[in-house]
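There are 2 protein chains.
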Amino acid sequence: MPLEKMKAAWIPRFGGPEVLEIREIVRPVPSPDSVLVRVRAAGLNRADLLQRQGKYPPPPGYPAEMPGIEFAGEVAETGAQVRSWKKGQRVFGLTGGAAHAEYLAIHERLIAEIPPNLDWKQAAAVPEVFITAHDALWQQAELRRGETVLVNAVGSGVGIAAVQLARAMNARAFGVSRTPEKIEQAKQYGLADGIALRDNLDELAAAAERWTAGKGFDVFLDLVGGSYPSTVQTMMALKGRMIFIGTMAGSRYELDARYLMSKRLCLRGTVLRSRTLEEKIAVTQSFAREVLPVLANGTLRPVLDSVFSLGEIVKAHERLESNQTFGKVVIEI
Amino acid sequence: MPLEKMKAAWIPRFGGPEVLEIREIVRPVPSPDSVLVRVRAAGLNRADLLQRQGKYPPPPGYPAEMPGIEFAGEVAETGAQVRSWKKGQRVFGLTGGAAHAEYLAIHERLIAEIPPNLDWKQAAAVPEVFITAHDALWQQAELRRGETVLVNAVGSGVGIAAVQLARAMNARAFGVSRTPEKIEQAKQYGLADGIALRDNLDELAAAAERWTAGKGFDVFLDLVGGSYPSTVQTMMALKGRMIFIGTMAGSRYELDARYLMSKRLCLRGTVLRSRTLEEKIAVTQSFAREVLPVLANGTLRPVLDSVFSLGEIVKAHERLESNQTFGKVVIEI
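First to last, the protein sequences are chains A and B. Per the numbering used here, the very first residue in the first sequence carries number 1; after that it's consecutive. Per the numbering used here, the very first residue in the second sequence carries number 1001; after that it's consecutive.
Check before you lean on any hint, since a few could be wrong.
[As the list claims (entries may be wrong)] Derived EDC-like pairs: lysine to aspartate or glutamate, alpha-carbon spacing no greater than 16 Å straight-line:
(1) Lys263/A with Glu1279/B
(2) Lys315/A with Glu332/A
(3) Lys87/A with Glu74/A
(4) Lys1315/B with Glu1018/B
(5) Lys239/A with Glu1279/B
(6) Lys1239/B with Glu279/A
Just so you know, these hints were derived from the structure itself, not from any lab.
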């Protein structure tokens, strides 16, 4: 039996968006505990841009040439031991790479069923941002109802997902963005208030005081890094939690133990992509248990910035690289 | 009925050990939910030295003139609502201050019963170091059997308590001290291995590699601060926990999010003295539940550096201030 073929985005060499190609390559074959997914749409992520630039090698087992870390599609085949999925079911999830292709083989415990109210494009905008924000905010920060959260880069995909997850928990989310328009857009998704700041964070202190009535933030979701951690440590509430998941503005933090100790702060660095299979399964299953119901009833809404076809992969990369996006860039496949 | 008197250590003005006096003052009267303890022995702590220097005001409700944050003694009187204690019972615990006196009034839920195998001096050497190390290592760091712990200032009271608590958990404790002799002494309490370092921490990396077989430390209990956090962040294991409870060498930490994120580290600052009553009760009760049995069976051993009478309070302060101590300085009262 000849091996079947498929189209896939391909990185022949590291460089700008223009290096990207669409190639016809061999379709993967699912192992006994995996399913083969016919990908219908897939989100584009900063990790894909970095992989294309040669700055973010995918984990072992995923080819450096194939970007794509999230997908939505239908089950096309199931491995011999798979009992929980049937051909034709609509599924989505995260993967270590190779999702910007017509077919993807993935472990049966790393996918979740798409709620009926989401189409392919909307579903493709869910996994990366909602799984990341859910793991950071609900799981690691242990956000509780009535608490306050500060999110920077609040206009980013993860930022907006975090705002929605905070609101779904009856917590109040406050935000910072470099762009005033993104603050206003984020308010449509539940942001209680926000402030547009560029490199000077001085105005944040007065805003924090006002927003939290002097109590400080219970949770800080840091998507930016740089001077944020040292600035925000002074604005945290007693027993506050600072979660570090991004370092676009720099990774060296100057922290002061006097704040950490007197407020008994908890700081966590986190990253999803390098986790073990069993940890990724746990994250996926807790997402399915806790987040899918709130996605299905419309409380959480996927946010689409723009949609491109697989043939327009270069344009899609250019769009995300522009930093003008609000919500997800999605590729239809 | 005339108010009864008692002797107490007194700080008439801030300064060196020589300012300390023994005064005769009014004996406290227990509130309905408190007991009056006839203090028999009390540990001396760095907090007392700082309070004497005017650098560490006690929490509200405790006079600035009266040092003493831990004690062992017998119940002399019980408040009207107290049902859990009887006159004559041997108790110990932590307090916000005023423990270096013949009598101390304290909430009935903030004391625990002294195991029969400990005399007054030994019992007085327990609360501060074992409650602090237990809260940090077993509770906050969630130390598990088989894990590795790095403790700096391993010759300090809390350091040795941490070593013993790690060993009681079947974890392996490694230590740093400025003094080679303290490493050898700590080995008698279960330290797996240690290294004497002064300001240059370069040798620690090779030791960490050797001790943990390249895996890194699961827990770092930082009693020193300064350059330790930035040095040790590179030596932590995946999902390691760094607990900050001391800043003798400085409180400004330079941390790198790349370590924090790729290893998914959890950092916690902690301090006991400023906690709320209900938190202190929780800490005391969990100490009583988890630590008393291992104290009673001799697995954990209080470590006495030296014993002074209340009249020798100046000498006691001088001894602790010398930084030559190994284990606790205790005052008999």
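Going down the list of hints, with the structure as the test:
1. Lys263/A with Glu1279/B: Since the Cα atoms of Lys263/A and Glu1279/B sit roughly 14 Å apart, the hinted pair holds (cutoff 16 Å).
2. Lys315/A with Glu332/A: 13 Å, holds
3. Lys87/A with Glu74/A: Holds, at roughly 7 Å.
4. Lys1315/B with Glu1018/B: Given pair Lys1315/B, Glu1018/B holds - Cα atoms ~9 Å apart, limit 16 Å.
5. Lys239/A with Glu1279/B: This hinted pair holds, its Cα atoms lying about 12 Å apart.
6. Lys1239/B with Glu279/A: 12 Å, holds
Of the numbered hints listed earlier, not one is contradicted by the structure.
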